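> So the protein lines, in turn, are chains A and B. Per the working numbering, residue 1 is the first one in the first sequence, and the count goes up by one each step. Per the working numbering, residue 1 is the first one in the second sequence, and the count goes up by one each step.
Hints are computed from structural coordinates only; laboratory data are not their basis. Each hint should be verified, as a subset may be incorrect.
Unchecked claim - Calculated lysine to any residue pairs in the SDA-like style (CA-CA distance at most 25 Å, straight line):
no., chain 1, residue 1, chain 2, residue 2
1, A, K132, B, D107
2, A, K132, B, D122
3, A, K132, B, H111
4, A, K74, A, P160
Said to hold, decoys possible - Pairwise CB distance ranges (calculated):
no., chain 1, residue 1, chain 2, residue 2, range
5, A, I147, B, C165, 54 to 60 Å
6, B, P181, A, C65, 33 to 39 Å
7, B, L235, A, L30, 53 to 59 Å
8, B, T59, A, T47, 24 to 30 Å
9, A, K99, B, Q96, 51 to 57 Å
10, B, G92, A, T112, 54 to 60 Å
11, A, V145, B, K184, 50 to 56 Å
12, B, D79, A, P53, 17 to 23 Å
13, B, K184, A, K168, 37 to 43 Å
14, A, L30, B, A166, 21 to 27 Å
15, B, E135, A, D33, 26 to 32 Å
16, B, L235, A, K27, 30 to 36 Å
17, B, T114, A, I165, 47 to 53 Å
This one's a predicted model, so the numbers in the text were calculated from it and none came from an experiment. Cβ atoms here follow ideal geometry from the backbone N, Cα and C, with glycine treated the same way.
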Amino acid sequence: MDLSYRLRLLIVVLSIGVLAGGGLLFKQLLLPDSFGDYGPYRADAITEAALVPIRHGTNTSCFKCHSHEAKFHKKGRHQTISCEFCHGTYADHIADDKKIGTLPVKKEKEITTLCLRCHNTEIKARHEEVIKTVAMPNHLKDQTVKITHNCNQCHYVHAPLKYIIRAKQITGLMEAGS
Amino acid sequence: MMDRRSFVKKVLNGTIAGSLYLVWPMGGDSLEIPEEIPGIKGKDYDILHQEFAFIVDVTRCIGCGSCCVADKREYNVPDGNYRTWVERYVKGFSDQIYVDSPHGGLDGYQHPRTDIDEKIRDTFFVPKLCNMCKEAPCVQVCPVGATFISPDGFILVDEKRCVGCAYCIQACPYSARFLNPVTKVAEKCTWCYHRVRKGLLPACVEVCPTGARKFGSMKDETSEVYKILKGPGVLTVLKKEMGTFPALYYKGARREVI
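Full structure from sequences and hints, please.
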């Protein structure tokens with residue numbers, strides 16, 4: 001009687017031990033390697049997130065080769081505009097310091113559409129101190145040019161006031177001389 | 001009437017002025033947007049001692065949608081899903097608020113709203129993205145530990161563990177998450193973690209032309225976000241009453257913004 005009680009107790013204790021041990025082992029098998037290094041998640045996921053390939057460069061990375069555009073872009077009013085916004089991403093153009101593709105060049109009406117993304121007076125909430133806006137086609141009428149003109153026929157897109165200031169200086173000279 | 005001498009003089013003056021113009025810097029704004037986060041590139045990244053903050057300046061946002069375009073390109077986000085988006089708030093004189101965000105602001109805002117009958121009192125743009133909450137509801141509800149707060153304060157998604165149950169999508173008070181229809185992973189903005197680790201600014205900050213989006217390290221006392229956050233200006237967070245303690249702050253956001 002006494003023996004069988006002890007035996008039963010031993011069996012119960014042993015089976016709990018086996019179950020707990022087996023459970024722990026099973027859990028260990030199921031848990032990913034780096035689980036719990038920082039918290040209840042896989043620490044390797046941080047490394048994986050950090051290794052996502054970069055697609056956008058910086059303006060400096062574009063200017064390394066495109067020095068002609070850089071000369072004007074850095075000085076003009078458009079200096080804060082990212083090259084890649086209009087032209088496309090760095091990763092589509094360069095891989096391992098080699099050219100892998102040509103970025104499309106924006107033409108005619110596409111340029112006007114791009115300009116009006118920001119410079120459209122019709123959209124309120126664009127403050128004078130942040131950006132200069134124009135109403136189309138009123139701006140073209142005011143400047144007495146054809147309303148079919150595109151923005152880049154007067155404004156150099158990288159430094160929008162380059163030609164304007166120059167033209168004013170030339171016409172100013174003529175006005176003074178007449 | 002002008003004699004020959006004064007004509008030649010004026011022409012010469014003009015030539016000198018013109019050539020001066022060529023070497024003189026064109027009147028660019030003093031707005032300078034840094035391209036890199038100092039102190040990260042080329043050094044060992046100490047993941048346990050980092051803190052970052054993101055500031056959105058609502059008063060400077062012009063709703064051009066550059067950030068949305070950059071974001072889509074950086075991650076190849078499928079159409080109809082947005083990691084970041086720009087909302088347009090229109091306030092009528094009856095204090096009625098109209099909010100819209102066509103294509104998440106991806107195409108910019110080319111046209112004004114025509115469906116509003118009343119006179120418009122005010123209108124402004126509000127860029128939205130992941131708030132990187134210190135008490136993140138999405139992390140709490142994830143049943144498989146696929147979304148977590150990394151030691152440097154980023155909420156990241158473990159793409160290999162995510163089962164796509166979308167609990168986090170329901171839990172996020174800012175609607176920052178979506179189920180990627182291609183990978184079936186509940187994705188969200190990561191503040192471009194892969195760029196930050198290499199010392200680059202998030203793509204949306206990089207392309208913002210007006211400096212409406214600012215990002216930087218709070219451990220760097222010279223960074224712009226440090227100066228703004230420690231400075232006297234009023235900053236707000238979205239849905240403060242939710243107790244999520246976001247690391248994304250808004251400058252100049254009005255009461256109507258939710």
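> Output the indices of the hints that this structure fails to meet, ascending.
The structure breaks hints 7, 8, 10, 13, 16, 17; every other hint is satisfied.
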